[in-house]
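Heads up: the protein sequence lines correspond to chains A and B, in order. Plus 22 on top of the position in the first sequence (first one is 1) and you've got the numbering used here. Plus 1 on top of the position in the second sequence (first one is 1) and you've got the numbering used here.
Among the clues, some could well be false.
A few chain B positions that, by computed beta-carbon distances, are all more than 12 angstroms from chain A [as the list claims (entries may be wrong)]:
hint : residue
1    : His-137
2    : Asp-214
3    : Ile-299
4    : Asn-363
5    : Phe-420
6    : Asn-458
7    : Pro-459
Here are the simulated DSSO-like cross-link-like pairs (lysine-lysine), alpha carbons at most 30 angstroms apart as the crow flies [claimed, not checked]:
hint : chain 1 : residue 1 : chain 2 : residue 2
8    : A       : Lys-337   : B       : Lys-456
9    : B       : Lys-310   : A       : Lys-434
10   : B       : Lys-456   : B       : Lys-6
11   : B       : Lys-170   : A       : Lys-411
Hints in this document: simulated from the structure, not taken from any laboratory. Note that CB positions come from ideal geometry on N, CA and C, so glycine has one too.
Residues per chain, in single letters:
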Amino acid sequence: MRYLSNTQEDLREMKEAVGIKDVCELFASIPQNARRAKEIAIEPRTEWELMREFSKLSDANKPGVAFIGAGSYSHHVPAHIPYLYSRSEFQTSYTPYQPEVSQGTLQAIFEFQTMTANLLGMDVANASMYDGASALAESALMAIRVKKKPKVALSRLNHPHYVQVVDTYFKPSGFETVELGVLPDGRTDYSKVTDDVSAVIVQSPNFLGVIEDIGAAAKAAHDKGALLVVSFTEAMAWGLLKNPGSQGADIVCGEGKSFGLSQNMGGPGVGIFTCKMDFVRTTPGRLVGQTTDKNGNRSFVLTLAAREQHIRREKAVSNICTNSGHCALAAAMYMATAGKTGLRRVAQLNHDHAVYLKAGLEKAGFRPLFNGPFFNEFAMTAPAGFDYKHEKIAQKGFIAGLDLGRYLPDHKGAFLFCATEVHTKDVIDAFLKEVA
Amino acid sequence: MSENKYPGTSGLAFKEALLWERSRAGRLAISVPEQDVPKSDLDPNLVGDAPDLPELSEVDVVRHYTRLSTWNYGVDTGTYPLGSCTMKYNPKVNEQAAALPGFTELHPLAPESSIQGALKLMYELERDLLEITGMHAASLQPSAGAQGELTGILMIHAYHAHKGKQRHKIIMPSTAHGTNPASAALCGYKPVPVELSKDGIVTPDAIRAIMDDDTAGIMITNPNTLGIFESHIAEIAQIIHEQGGLVYGDGANMNALMGYVDIEKTGIDVMHLNMHKTFSTPHGGGGPGAGPVVARDILEPFLPIPRVKKDGDRYTLVSDAPLSIGRLHAFYGNFAILVRALAYTRTLGKGLKDVTEQAVLNANYIKASLKDVYNLPFPQPSMHECIFNDGIQHRSGVTTMDIAKRLIDLGYHPPTVYFPLVVDGAIMIEPTETESKDDLDGFIDAMKTIAEEVKANPEGVKNSPHNTTISRPDEVQAARKLILKGQKA
């Protein structure tokens, strides 16, 4: 086997050193009643056979041109980014517990923390969570740790899957969620926020694409003594929109997959978690801090480990250990690549393409569900018969929006569309021709 | 100091600034498409200032990250014997498989007819994991080991709730993985410690003494974090089951068991597996991993949704499962990691047993070779890892951390240190199967050299590492004077 380097001679010498005749002696502590009866029934493949098998699996997927976002967005990945993050010094290293041989990872994550905090207008960002959904669940738990009220208010227009993940994390603790309704323009209605919640949780742009009034959310939350948690599924939006930190958010979390990562059927992504400095000691996940070494050189280490599971055990603020470090590296590379002007220009182009697509769909008989402002996603009521057409359009290689009836039963017959910088005018025009 | 024969040496190292220190107004590293549709202005009240990010050229970005990468040590650089972490070689064909466009470009909410290959891949990986463990049903959704643990404990919690009486405690040996207590706490279970035998394992008597009808079950790592197989596991499980409890198995150490152990026969009810340990997916400097769970039939109804089902030649996602604990990930887990894991199980196949045998032999070879030089607190037979400590060297004022730092100079990544907590000053070594005897001999020799240096020149060891770009960063200062975000130069 090519991944095993020991020769028969090596094995013989090692067994002799260990004092055994047969390797199976090393397994003597496994009692008979725990042993498997048969060998593992998987035939090994050669590298050639393996790639044939996987190419077949890959070919059985039909990615097409998807006019869907809903938590996973199609964006261009600059060529140098996968090239750089695939360097094996980054990819084949462990969590940076030994700083002298991990300064590459540590500085890169410190830069990731800095750029995400700056992008979102927040004081502190951590080294990443699994994905946007678990980042939201951890944010909700943290808000409850801070405010000590076992309930949070969630906008109805948070991503439904994210809400389900919050429910999963909450269920055994008995923590509750209450739902905030929607105004006619597609924004969240904060008038029903009560004073028994630890947090008001709102996604912006929300699940139906509408940009929320974060200032109003902050006021509603703070008036009731709650924290404002802003969630997002589309990090690209912050290239254009006013950041949530400047509008009063206490915790901002979301999905960073739009920055330098492919869709990959939804994962891995990179959970972004940021908050105000006041809460740093109850922040979940790893933090990289700057310090100096014994010779006075700037260096980076993992810090505030006393919050974490390997030190604090059952009193830890979270059980997270492995995070999404390599994806955070990719996201940092993307932010460094796009930079101040590039991210603004790409984000603007997302909006422009979405506006162009929306106008085209309106011509084809679609009607917007809301008139609230949007970034690159918007919900439309489809003309009669579109359900049937959806399938036909798919055969032409286009995924024509997301059927909202599957997620929000009261919006049956409506579809959620998305266009990004990769949906150029040519592509949109070709798609609209099929829709018409 | 005798360094010439070791791989570690010093070479030309580059300084590298922080990104924003390199920034120059007007530089741009991204290719921006032309404005092919009219520009459409959002309400100015919604628009912020341009984001506070550096401005760099593509060359700047490439040099920056290339230089940073040279400050890292990876498995591809050399021996990485981190105990409990299974830092085995990450095969390159796995990367090629994961980069196929039918996977990378796939939207998770595309119609089911468009994602048949992905669903089939997930279904087949589930089958492989069940074949390897002997268990009944699987979910690939958890994103990492700790989330897999949480999944397992949530399933146990849901099981007890369904039975009509929730329990409040869970048995937790001190030899369990570090994340176990924190995962149990998320479910409100109070960890109950259990006394270990002098051999470092849990005994049926100890379990009998504490198991009761308010205890949800046990979280047990096997082999445990001392590298020792819990040989009473089946009997322990029986005691737990008789009192209506369930057994959670932490499968992080599955690398020691493949081809030998039938997990279902050991009495374990639910277990997670780390794709980024046993199944060779790269650790990426901290993640992402994947932590699928495998379960016995009685727990299948509680697995996370959605589940992948096969119906004739079609694969579907099923969410209709009223007893399910719910969803743990925005979509289906870390799919691209799962692709790599399947590439691994399909490359090794029944040869996974050889993987286990050589992993265990390698660890025992190190143990036999160093036992006269370093203190071995638990000399009992152990499996894929072995744990020494600084019991001998401490007399010269040299600690486990000093030994770890000196290893870096000699070109080896240090073992896991100060874990497990049951051993003072633990040096936890897990070589994995992919290290050759030559590599192991180099590591053993380096450990012996350090033991000699401790006698002859303890200060040299205490001041190490000497060959790295930085040495002994001040962690106390980092925690007291928090700098978590860079300032502009």
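Mind checking the alpha carbons of Lys-337 (chain A) and Lys-456 (chain B) for me, to see if they're no more than 30 angstroms apart?
The given pair, whose Cα atoms are some 40 angstroms apart, is violated under the 30 angstroms limit.
Are Lys-310 (chain B) and Lys-434 (chain A) close enough, with their CA atoms no more than 30 angstroms apart?
holds (26 angstroms)
Just want to verify: Phe-420 (chain B) was marked as not at the interface with chain A; is every Cβ pair farther apart than 12 angstroms?
violated (7 angstroms)
Least C-beta distance from Asn-363 (chain B) to chain A larger than 12 angstroms
Contrary to the label, Asn-363 (chain B) does not stay out of reach of chain A, its closest Cβ about 8 angstroms off (not over 12 angstroms).
Beyond 12 angstroms from every Cβ of chain A: is that where the Cβ of Pro-459 (chain B) lies?
The claim holds: Pro-459 (chain B) sits with its nearest Cβ about 17 angstroms from chain A, beyond 12 angstroms.
Please check whether the beta-carbon of Asn-458 (chain B) is more than 12 angstroms away from every beta-carbon in chain A.
holds (18 angstroms)
Straight-line Cα separation of Lys-456 (chain B) and Lys-6 (chain B) no greater than 30 angstroms?
holds (20 angstroms)
Assertion that His-137 (chain B) lies outside the chain A interface [Cβ separation over 12 angstroms]:
His-137 (chain B) clear of chain A: closest Cβ-Cβ about 15 angstroms, beyond 12 angstroms.
Decide, holds or violated, for the assertion that all CB atoms of chain A are farther than 12 angstroms from the CB of Ile-299 (chain B).
holds (19 angstroms)
Given hint Lys-411 (chain A) paired with Lys-170 (chain B) - CA-CA distance at most 30 angstroms
Violated, at roughly 55 angstroms.
A cut-off of 12 angstroms on Cβ-Cβ distance, and Asp-214 (chain B) was said to be off the interface with chain A. Does that hold?
holds (19 angstroms)
When held up to the earlier numbered hints, the structure conflicts with 4, 5, 8 and 11 and fits the remainder.
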